[in-house]
Structure formats: structure tokens, C-alpha cells
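A.B. asks: Next come the chains, spelled out residue by residue.
There are 2 protein chains.
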Amino acid sequence: MPFKLAIDGMGGDRAPDIVVHGMHLAKSRVPQLEFLLFGDEKRLLPLVKNYKNIQHVEIVHTDEVVPQDMRPSIALRTLKKSSMRLAVEAVSKGQADGVVSAGNTGVYLMFSKLILKTLKGISRPTIVSEVPHEKGEAIVLDLGANIEVSPRILVEFAVMGEIFARHVLFKSSPKVGLLNIGSEAVKGPETLKKAFDALQKLPLNFHGFIEGDDITKGTVDVVVTDGFSGNVVLKAGEGIMRLVFDALKRTLQSSWRGKLAYLIGKPMFHTLAKQFDPRRYNGAFWLGLDGVAVKSHGGTDAYGFSYAIDVAVDILKAELNKKVSQEIEKESVQNLLESIE
Amino acid sequence: MPFKLAIDGMGGDRAPDIVVHGMHLAKSRVPQLEFLLFGDEKRLLPLVKNYKNIQHVEIVHTDEVVPQDMRPSIALRTLKKSSMRLAVEAVSKGQADGVVSAGNTGVYLMFSKLILKTLKGISRPTIVSEVPHEKGEAIVLDLGANIEVSPRILVEFAVMGEIFARHVLFKSSPKVGLLNIGSEAVKGPETLKKAFDALQKLPLNFHGFIEGDDITKGTVDVVVTDGFSGNVVLKAGEGIMRLVFDALKRTLQSSWRGKLAYLIGKPMFHTLAKQFDPRRYNGAFWLGLDGVAVKSHGGTDAYGFSYAIDVAVDILKAELNKKVSQEIEKESVQNLLESIE
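Protein chains in written order, with the numbering used here: chain D, 1 to 341; chain Y, 1001 to 1341.
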């Protein structure tokens, strides 16, 4: 501390308004935080003026914005000066300690991989995020960076995820589980069985296979899976949360009894809504890169964006990348990884 | 009608009690329904005596029960006379129109495949079940029978699922979606892209790729995916439902305000609980087999088991397998399937 974060002012459905507002909220919680804001100065300047604690923030002007639906390959060729790219470059140049963007996920991941590079000893970066469960929260990885995985890549996810849970979530001996379709060791694809065998040899608290409903039971602290399954589970989960809360709201509004019950129980309903507020879990991290890059949900609001900033701060405070490197570069870990395939 | 169902009296965590009670409940709704009950006569006889409408049900005695954690390969070698196996055989012998079991999923699927055989023109049977969404319900397939799939197999799932939605759920032109990690056609694994291209050539209402949160939005009526993703999404979804409802209960019980709100809004909370009651969605069907086999959740109660019986009845009423065969055997469909790979 103090940390300086590069912010993509133009990324996301409701940028730049919610981005600037989110910066204000985050800085209210962590006053030592500094920003380097990238984007259209004409739009950003009047916005930052609204908030006393960020009105003198450093703005780096650029006209280019990454469209939400642009393919990574096209963005790479055509957008050399986008707010997103410049923000990521600020980290590689040492001008900022980390970067936060709510923009196009595929493009952001590609820029981050190319510019920040992968940590030594890591095959592939992964997307990690926190999810709520009965007893607190767990992390799930990968959430979409790697559609196809090898046993070795899954083991790397497990090692990195364990360190994340230990140092960012402060779990003392985080339990690691491999997502499968049956908790018996005999089921599931070959890739998972090989990863299972390798994980038993590592000095971490490996729980074994878990099933989909173990995520919310809190059976483990670290849920390891491929990027396809992780992505559909995360998005389906968000959908189910919304389905149930919308139905609850509709049901209570459907009659005078319901409306009265809501009025009386209001503080309880608010506690519940807060507990599962998706904004609280906003902020996915590109784990395994030599730099701190956090992705905010594109459709979030200022509060959600401010929580994504918090994620970057927590990771910087934990010196996560340094700890991942130390663990991954250990000879015993490298030997095991190389023995897998 | 009348239909006769073979029932595995001994399958599931709470068998035979909830099985027999479930038969009673189902027969109360569909009085013409007949049963052939397989299992330990000494245990089943006193149970059926409790319910007037099934007290004279035909019981086929056997001592063998498939343990919940037995591997399919071992069950195949060692259990020739299990209640589950005999119940499936009753269908192949024409003694029953369909079979329902709450027993070991892997063993039940294997017995069903071996004994009932796959419908002509279908490569692999799939597990299908209904799930609730904003506007009603959709079906998801595959839920765990096929961990790895080819483009052709996904297209077969889509064709069979569309017929299921049309004839069992009475949707007039069911929309079919392929589960992917991005709705843009450029994303996702090669298998999905090839299935996407093939599905555009079929005369069905193909919506294209959908993402995890589209399931609960009700974007499509038929969600097509591989058995791994389908299984983890379904189980994770059940877990999230439980998480939210448990938290709602706990929050309301945590104070006098909450308790009062619950008392006043009781009918509304019951409506809500009923809407998402997992028992209502109990009953997965082995789609693609030459026979009607329905799997009940192993941990369900009598109500849940009775709904699994309803699923079998609905499928028999719809003459689903006949309709699937007619569609799949069409020359145009076979030509397309063979062109895929």
C-alpha cells in the first residue's frame, strides 16, 4: 500500500458512469487507493468532478473503445489504443499495480495474456471467482478461459486455487475438490481420473471428487473444473438465484397478505437479498498471469464495479502472484506437474 | 390405457416404504394404472396392505437388491435376479409397459441399455428431465449418460428432445438451444460448432447457442448439452435452490418480525415452495431406448416417487418412443445424421 490501479473507463454496458462511481465507492473504503483512468477525457472529466475523493484522478485520454461483441482476433489487429489495452499495458509498464475492466471478456483475457504473460511454471491462466455457499464462500476455477483441459492443467488450477483460498480468503487449510458427475472415484472422464491421482500426491488438503450440489453445501473451499463446466454452472447458478428471488418478489406482491408480510419482514428480506447479492461476488481474476487483472461483470452497477476493485486490492495485499510463483517453482511441484503429461 | 408399470420395490434410500406409498399416490390420481412390484415379499406385502387401492397388487418376489454404491460391471456379473433387473426385464418381455426405479443410477442405466436396447437409428440413449424456468418448464438433456459426445450425438439429443417437448410437454413448436459458454456462434468447442451447423439444416425450431442463465430465463424449451455439463448444472442448480430456501427459512425464523411475516404470508410462501419443489421435477427418462424406463431420485419421498410414476405415464400416453422412431427413421434425418460424422 498504497496501490495504484489502472481502470478501463469505457468497458461494460453502463460505462463510463458506473465505472467512475464505482471508483468513488472503492476509494471511500480504501482512501490510500490511487487510480489511472483510461478513456474519453471529455466524458470522464465531468464524471470524476462529481466525486470529491477522485476529482483529481489522473486520466489518460483515448478515443478507442473495445466493442462488447468484437472478436479477440479482430480487436488485436485493429485496436492498438483502446482504453482496455492501454490499461493493461499500464501494469506491464509498472505504471499501475493492477487493472480492472468491465469490458469484452474474450478481448480482455487475450490482451492480458499477451501483455502480462503467464507466470513461470504455469501452462495456462484461469478465471477464478468467489461463490456463496452454506457456510461462507468458495472459489471456482476455471470459469471459461480453458474450454479443454489436460490433467496437468487441472492440477495447476488446484495448486493456484489453493493458494488463492489461503491468502485471499484466509482459509487455513483450504479443501480442494474436483468437480465430477459422481463422487465415486470410478466415475467420470479419464482427464479427471488422472488429475485425481496426481492431486493425491501433492501436499494439499485434497478432498477428492465432488458433485454439482457440493458447491453450495460448502464441501470444499476450492472447486476445480474445466472452463466449459465452470462457466455454465456459474451462469446457470446466477439464473437460478434470479429466478427464485423474482418469484419471491412476485408472490409477495400478488396479494395484500403478501404485501403485509413483506412490510413486516422487510429487514429480514433485505438481509437475505444482501447475502446473495451478485454484486458482492463481482470480480473475476485472471489467475496465473504475471500481473493483477480483474474482470467485472459487464452489466453490473457502481457497487458491483467497486467490489471488483476490492478484489484487485485483496489480491495485491495478499501478494498472491508472488506466493503462486514460490509454490509453483518448487522442485517437488514442478516434478509432479511434469510427470502428469 | 390402462398401463401396467413394473416397479423396483427395493431401489432408493428409503425403499420400500416410499416406493409403495408413492404407488398408492400415483394410483389415486390415475386409477386405471396397474403395477407389477418387484422385491422382498415379506417387506412389501405388509406395506401394500396399508393402501386400499394397491393392496392386491401383483408382487414378484426376489431377495436380491442392487446396493446404492455398486459398480455397474459388478452388478452385471453378480446380480441376475435383483428387483431392478427383473423390473426392467418385465418391460422387454411385454409383461409391463414401463419401469420405474429409484435405485443405483449407473446400474439402472446399464440394465436398461442391455435389456431394452437402443431404438433403431439412435446411437446412444440420453437422460432427460424437466426443469423449472420463468415461464414454465424446459427439458435438459443429457444429464449424465454420455460424458463425451460427438456432434452427431448432440444432434440426436436435439431431435429426440424436440419430440419429447412437443408430445410430452405439449409445446407446439419447441425451441431448441445448444448450451455453450457464449451465445456468439464463434465461441465454444469444435463439437458444438459442428452440431450447430447440422442443427440449422434440420426442420426444427433451432434457437442456436444459449448460455447457462438462459435455462432459467426460458429462452428455449429444449436445452441440449453433454452429460457432464448437464449433470453438474442440474445438481448445482438443486444445490442453489436449497441454499436460497434454507436461508429464507433461517432468516424468517431469526426474529419475531420474521416469524410474524411468515405467519401472515404463509400461503404465499407455500405457493413459492410448491413452485420450486424438487419433487415435482422428479423422474428422469432414459430417452432413446426401446422401452419406457424412468429413474426417480434416490433420496426422494413418496410424493417425489409418485411424480416419477407420472412421468412414465405421460410418456406412455404420448407414445413417445413411436414418435421418436418415426422421426429418426426418416430418410432426410438419417441422411443428415450420417453426414455429420
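Quick caveat, the hints were computed from the structure, so don't treat them as lab data. Backbone N, C-alpha and C define an ideal beta-carbon position, used for all residues, glycine too. Incorrect hints may have been included.
Here are a few chain D residues that sit away from chain Y, every Cβ distance over 12 Å (derived from the structure) [as the list claims (entries may be wrong)]: (1) 46; (2) 59; (3) 69; (4) 89; (5) 124; (6) 147; (7) 150; (8) 203; (9) 208; (10) 216; (11) 242; (12) 257; (13) 264; (14) 276; (15) 279; (16) 316.
Calculated lysine-lysine pairs in the BS3-like style (CA-CA distance at most 25 Å, straight line) [unchecked claim]: (17) 274(D) / 1042(Y); (18) 1193(Y) / 259(D); (19) 259(D) / 1249(Y); (20) 1266(Y) / 259(D); (21) 1080(Y) / 217(D); (22) 1080(Y) / 1049(Y); (23) 1042(Y) / 259(D); (24) 1249(Y) / 249(D); (25) 1266(Y) / 266(D); (26) 1042(Y) / 266(D); (27) 1259(Y) / 274(D); (28) 1266(Y) / 1317(Y); (29) 135(D) / 1042(Y); (30) 1217(Y) / 249(D); (31) 1193(Y) / 135(D); (32) 1266(Y) / 249(D); (33) 1080(Y) / 259(D); (34) 1135(Y) / 249(D); (35) 1274(Y) / 249(D); (36) 217(D) / 1081(Y); (37) 274(D) / 1080(Y); (38) 1217(Y) / 1193(Y); (39) 274(D) / 1081(Y).
A.B. asks: Of the hints given before, which are not true for this structure?
C.D. replies: Checked against the structure, the hints that fail are numbers 3, 6, 10, 11, 12, 13, 14, 17, 18, 21, 22, 23, 26, 28, 29, 31, 33, 36, 37 and 39, while the rest are satisfied.
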